[in-house]
Amino acid sequence: MNQIFKARVFRSEWRKLRRPTLFLGTMLASAGLTGLVTSLLFLLIDSPQGNSDRGNMISREILQLPSGLTIGFSNAAGLLGIVALCVFAAQTAQEYTYGTLRNLLVRQPRRLQLLLGKYVSMASFAIVMVILAAVVSMSLAFGLSGRAKVETDAWVTSDALQEMAKTFGNVLLSVIAFGTVGMILGLLLRSPISAISLGVIWLLIVENILVAVKSSLGNWMPGNLMSIIAVGGTTDISYTHAISMVSIYLVASTAIVITLFKRRDVSN
Amino acid sequence: MVGMSNLAVAVQDLSKKYGDTFAVSHANFEVPMGTVCGFVGPNGSGKTTTIRMLLGLISPTGGTGEILGHSIKHPEKYLASVGAMIEGPAFYPALTGRENLNVLATLGGYGTDHVQSLLERVGLGDRGNSKYKTYSLGMKQRLGIAASLLPNPKLLILDEPTNGLDPEGIQEVRDLLKSLAQEGTTVFVSSHLLSELELISQHLVMLRKGKVLFAGKIEDLFLAQQPFILVKTPNESDLPKISEIAAAAGHKSTIRSGVAHIEGPAEWAAELNKSAFAMGITLSQLSPMLPSLEETFFEMTGDSE
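As they're listed, the protein sequences go chains A and B.
Mapped onto our numbering, the consecutive letters of the first sequence carry residue numbers 1 to 268.
Mapped onto our numbering, the consecutive letters of the second sequence carry residue numbers 1001 to 1305.
Warning: the hint list may mix true and false statements.
Below, computed lysine-lysine pairings styled on PhoX-like, alpha-carbon distance capped at 25 Å [stated by the list, open to error]:
{"#": "1", "chain 1": "A", "residue 1": "262", "chain 2": "B", "residue 2": "1017"}
{"#": "2", "chain 1": "B", "residue 1": "1217", "chain 2": "B", "residue 2": "1178"}
{"#": "3", "chain 1": "B", "residue 1": "1073", "chain 2": "A", "residue 2": "6"}
With the Cβ distance kept under 7 Å, some of the chain B side facing chain A (calculated, not the full set) [claimed, not checked]:
{"#": "4", "residue": "1075"}
{"#": "5", "residue": "1079"}
{"#": "6", "residue": "1090"}
{"#": "7", "residue": "1107"}
{"#": "8", "residue": "1108"}
Part of the chain A face toward chain B, derived, beta carbon under 10 Å [claimed, not checked]:
{"#": "9", "residue": "15"}
{"#": "10", "residue": "100"}
{"#": "11", "residue": "110"}
{"#": "12", "residue": "263"}
FYI, nobody ran anything at the bench for these hints, they're computed from the structure.
A quick note: this is a predicted structure, and the numbers were derived from the prediction, not measured.
Yeah, the Cβ is synthetic: ideal placement off N, Cα and C, and Gly gets one too.
Start from the sequences and build out the full structure, keeping to the hints where you can.
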């Protein structure tokens, strides 16, 4: 019985998510951003200003490795995460601003199931988004490899397939974590504009300023850690540390918003 | 007292407090099954807060309530049989009317097969594929009513369903509510259009400043009110004599705008006519009346607005 209720919420939520402006707009944005990051990676391969984020250089030798095929994709994860954050935050907070939450709760009074159904449907939306981004990025990588004089022999090996699966999993985890932050902010602030503004300003500006002032803060900043999950860890911050910290942050804040959502009066 | 199994709504001492202020204070009322019950009160009297508590959207501070035999603490046990429109319609502007209903039909597990028939029932059959943001206020209100009918409800709770509707639309809503009641649906409807509620309601719950002033059959309310007789004469100068006849019979009267208002039962009108004739006064109007719901409401609430 419980399962049926969740499926109803899931299908109902998808009726909103599949509207052309939202669905096509988000997919185009994700494909465009991933395509841009991947294109720059190959087109600027010989540029002295670098071809990756923050002017980093990713050489031809690294791109020719089995993991080279998905570097563009994993580098775009932060941007995909921001897109997911916006979608999750908007879809959650708009229920308050439109006043539609009361309709939803009359038709599904089990608040936890409503929240879970919404979350699972948005997570599945994020999966579609990440699959599309992966396809666009890898297609572009193959397409631009000739021009960038990057050998692709290692990209079609079983090692490459393993790397691809691992990177896809990590990017997906990272994107869904960003999205979860969006949903949490949406539930807390109950306004799409406030939730998106706060999320984007914190993740793109405040964290970068804090890390620039004191680099060790990068170990604790949620946005930085979620991006590190996407690339499978860095020399400074391990994958395990990033996963652990992000899990702690998300579990704690999710517990708070679930409690609030279950108990809070639904009024204007 | 109606048996509990015959009650669609029953609340005892239901209260909601915000800070030090009671939005609803110790409300007690019952709505029998299969009736149309009007829920009236001025703005801020606690109508919407009460409705929100009945629908499980807000928690009561105190008291208890039952909907269709289930405690309001467990809205999941009765909401599948309840249709509701609270505080006007609220839908997704970028979706069409039909898609908006589909969202709620899917969520409630009702299927989307009868969405078109519902759109037609509320007069939106040809506008179902238009985006909600293009709807007029009246059309939005109709869509809200259609959404409330999705579960084929045993109990329909509507908060100001005629807001924004033109006279024709108001008539249609009135007919719709009447037909639903005839089909056995209990309708609990709040409105500030008291004359509308008077036409369709058998029961009434009257609220002011969070307190229930009256709850019961509408005829019981009127029976408790003072009937009066309106008298007009061709010559206005005869009206003081009419007042004298009334005073002699122990009835209070006032003269306003060329009409004598005499507090007295309908049966005394014939006696008055006889006395006036004996004094050579011709009456051009002699109308025994009961106060309207609006007049009764204002009298009970002491509100002249």
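- [ ] List in ascending order the numbers of the hints, as given earlier, that are violated by the structure.
- [x] none
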